[in-house]
Every structure is written in C-alpha cells, then in structure tokens.
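So the sequence lines, in the order shown, correspond to chains A and B. So in this note's numbering, spot 226 of the first sequence is number 226, and the numbers just go up one at a time. So the number in this note's numbering is just where the residue sits in the second sequence, counting from 1, plus 356.
Simulated from the structure, these hints should not be mistaken for lab results. Possibly wrong hints are sitting among the right ones.
[Stated by the list, open to error] Below are the DSS-like pairs computed for lysine-lysine, each with C-alpha atoms no more than 30 Å apart in a straight line: (1) A/Lys234 x A/Lys286; (2) B/Lys438 x B/Lys406; (3) A/Lys84 x A/Lys254; (4) A/Lys355 x A/Lys286; (5) B/Lys438 x A/Lys324; (6) A/Lys316 x B/Lys406; (7) A/Lys355 x A/Lys324; (8) A/Lys316 x A/Lys355; (9) A/Lys316 x B/Lys418; (10) B/Lys406 x B/Lys418; (11) B/Lys406 x A/Lys324; (12) A/Lys316 x A/Lys132.
[To be verified] Here are the computed distance ranges between Cβ atoms for each label pair: (13) A/Gln288 x B/Glu453: 50 to 56 Å; (14) A/His287 x B/Thr426: 45 to 51 Å; (15) A/His287 x B/Gly450: 52 to 58 Å; (16) B/Asp476 x A/Lys316: 19 to 25 Å; (17) B/Thr434 x A/Arg64: 52 to 58 Å; (18) B/Glu429 x A/Arg252: 53 to 59 Å; (19) B/Val414 x A/Val292: 36 to 42 Å; (20) A/Pro253 x B/Glu479: 17 to 23 Å; (21) A/Ala345 x B/Met357: 54 to 60 Å.
Ideal Cβ placement from N, Cα and C applies to all residues, glycine included.
Okay, here's what each chain looks like letter by letter:
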Amino acid sequence: MNSSDPSDVGGDPQFHSTDDFALRALVHASQNITGQANVAFGPATLRIEVCGSVLSSVALDPLRHAATNSTLPADLLLVMIDGKDTGIDGPPLDKFAVLHDRGAQHGGIGSRWTTLTMNEEWNMRCLIDADKRQAIAWIADASTAPEWVIYDQIRNALHWLSYGRDFGLFHAAALRLDAVGCLIAGKSGSGKSTITAAAIAFGFDSAGDDFVLIEGTTVPSVHAIFDTIKLDDKSLARFPQLQPFVRNPWRRPKDKAIVHLFDTGRDRIASGFPLHVILHARLTAKHQSRIVRSAPSDAFLALAPSSLLLLRGQGKQVSANCAKLVRCLSTYAFEIGTDIDAAIAELAGFMHGLKQ
Amino acid sequence: MFGRDDVFEANLPVTASENFAGESVVIHFERGTYFALRGSAGTIWSLLQKPTSIAAIVATVKAQAPQPPTDFEATLTTFIAKLVDHDLIISSLGTPEPPAISAEAIVNLAEPPDLEIYTDLVELIAMDPVHESDLLTGWPKPPHPGTRET
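Sequences are here, hints too, so could you generate the full structure?
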C-alpha cells in the first residue's frame, strides 16, 4: 500500500495504485453517502452505498422492490462513486502493472479472483474483490451516462458474487401466469422486452425483461434483479399507459426508454417463483405467433452466448449454469409474429396448457 | 498449414462447450464468437478434448469401423482447418493419444461435420473489455493498442 493518509480524499485526486484508489474510495464512501440500500435477490444480498446524488437515484431506484430491512451482513458491499459529483478521480490504468503489490493483494492459493471491468466509452470502472466481499464502481460523470452503464455494475457485482454459489445470472426475461413460470431467452432485439410489457398488460407477473437471477434448485426459481422494462420508441408506442413513467425522456436516439415497474405498481414485480419451461424467442414476419417444441441445444444457443458475453468473466461457470438450466426445463421455440396481442394470447394459452 | 501428424487440442482456456444429445455448442469468450456443431462435428470436437492428431483419429476409426466413411481423412482435415481458423483448437505439445471412440460415435462420423458460425455478439467483446487478475499476473495490465487482455 503506497498511499498517504487515506482520509485525505480531496487533496490528491490522482491515485498511485489500485489499492490506493480502493482504500480512499471506501473511506470517502463511509463519510459521504448520498444513498444506500440493503437489497436481497433470493439467495444473494448486497449492501449498496452511493456517493453522488444523480448516481443514487439511477442506481437505487430500480432496486426498490428488493429492499430489505435485514440487519444481517450482506454478501457483498458495493460502493458506487460519481467522480464528477465527488471529486474522486478513477484509478489511472497505466499504473496498474507498475505499482500493484501482487503478494499483498492475493491471500494465497485458493484466493478467489479479483477483477476490473471497464466501460471505456463512458469511463466507468468496476473493481471487484470477491475475497474481501467488496466492489467499487466508479464513473466519471453519472449525469451523462445512460442508465444501463450503471445497472451493468450492479449486475456485474452480483455475477461475481455468484462464483461458487448455487445461483447464476441469465440474460432472459421471466414471466409467471397462474403459478406457471417461463424463461424467455433470446439475444437483444429478439422481442423479450416487448413481450414482457405486453404480458404484464395482459396480467402476467414479471421478474425482469433482460437479466434475472436463478437459484439452481431441483425446480429452478427466478428472482427479479431490476424492475426495469426497456423499450424502443416503436414498442413504447404500443403501451401508452407506460409513457408517463418513462425515466429518460431525453435519451439519445439509440437508447431505449426505461420504465420502472415499481412506479407502475409494485405488485407487477414477482420474485422467487419456479420456472417450468424455457422459450427461446425469435421475431418473425408472420402475423401469428406459435410455440413449438425445440431441441435443448437451440435453447442453449439462445441463452448462453449472450449471458456469457454480457456478464464477462467466469465464462465456463456461466456456460455450465445455462446448460444445467436447459437440461432441467422443457425447451420451446417462441416464434413471435407481428401481432403482439395474439402472441401474448398464444403464450397465455400455452401456459394454461402447462398448468393442466 | 498443418500435417496429419500435427497434434491439436481444444483451446480450453478461452472456450466453453456443452453437448446436447450429440449436438455441441462452443463459445469462444475472447472473440465473442459461438458455434453450433452438428452432424459429426460434435463427435470430432469431443475427440479433440485431449491432444490428438488427424493420423491418430483416422487410425482409430479405421480400426473400429467396418466401413470407414468415404474420404474421411479429407473431410476431417477440412474441418480441423476450420477449427484452427476460429481458434477453437490449438497446436499441442502433448503426446497424441489414440482417441476413444464409442460405437455410436463411429456411426455418427458417417455424417458430414457442420460448423455453424455465429458472430452477432462479437461487438459485445469489443465495447466492454474485462480485465481479470489472477495469482500469477496480479492486477490487470493496461490494454495495448490492438490487443485485449482477460
């Protein structure tokens, strides 16, 4: 450790090493929290402490459904820092290799890995030390970054927390109707969000439209992470009832509108329900939709690559988790036609059939 | 170029693969590419999980199959070249082992190997690099132009 007084967080914004940055960030956070929450996603708990008013709102609002009053220690402390708001600079990348004290950083053989993820476009860095149960996410300016950049850090922390645990994160939507749960897999643009929004309007419950946490028990159960639905302008136009709840009306043209389900009604967010089937979604040009039995390998193709590549790191574990899930659930192809209402009717009929 | 005696093995450090009833899916998590291996491709991929060579595979197939598939060696060589191109297998310093091939797999080898290539997620890798550290390398090193670290 080569820092000077760690409480002197304002005088020397250029940190000398990653360890120096981590120490000062944690000290600063303990003294300057603008937002905090204890959240539980099934078997995983986080304590999130945020420094920065804009960042507090963006980071914590999508997690209100998961807030817990538990006084038990969280599995991981995630400190989130807005560099512009706090004056704390991020760790300079060019000093990592030179100044890192390898011996001190890693406790020894068997130590779980640490990781640094970066979003270079938005100058965001997330330092995770699973051994110490700490993660520090730093962003240069939260007021200019799209929300998903900030959500990614929470997702990333949960992902690293899942290492060696009996849960995993999956790139999929999850819906429940009459006690039957389904996972809808598919890469971005395959219709997961539109189907989720339409299904909620129909009467389904949702545990998420993009990423969900699944506990790998005999019957897998799914937990909501974020309460968001992300819709492009065309899809948003289908749901005028959601328009007043859009959080980012001044978004960039390529960004999707974000709606917090918690704002529209807490009871729409379901968590901890069992899954029975995986549907892999695909948009078609046909009017009607259909759901047909498919090979497990097709479901895996829809679920695993995007989960693995979006989560980053621990690739073999993500792949194994996806395979385990695919092997214990029935797999179907959901060919989504242009008539979304008909697609939801098809899905509802299918799930009623499963219940019987 | 490579020869029939060159030794290869699956590039396990950067790939994850799963098999579902004979069909394999392989994900290259450094490049962001992923692959569906159909026909006999999944069987050949399974043979490459340990160091082996084209010569060793062909010899084993000939010894076990009453009627080896026509042009099997040429088909295998072409498929191996594709796997090399996509960095799914790499040269190995290991000793080539005669692969263990089940009777079911021998039958499957009569089908042509089909490698379905997906590149739609490659951009995810480029836009959001991850830098992991381990006991040997310590904290991440800064990225160098044109390279990416994991």
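| Hint by hint, which ones does the structure fall short of? | 8 and 9
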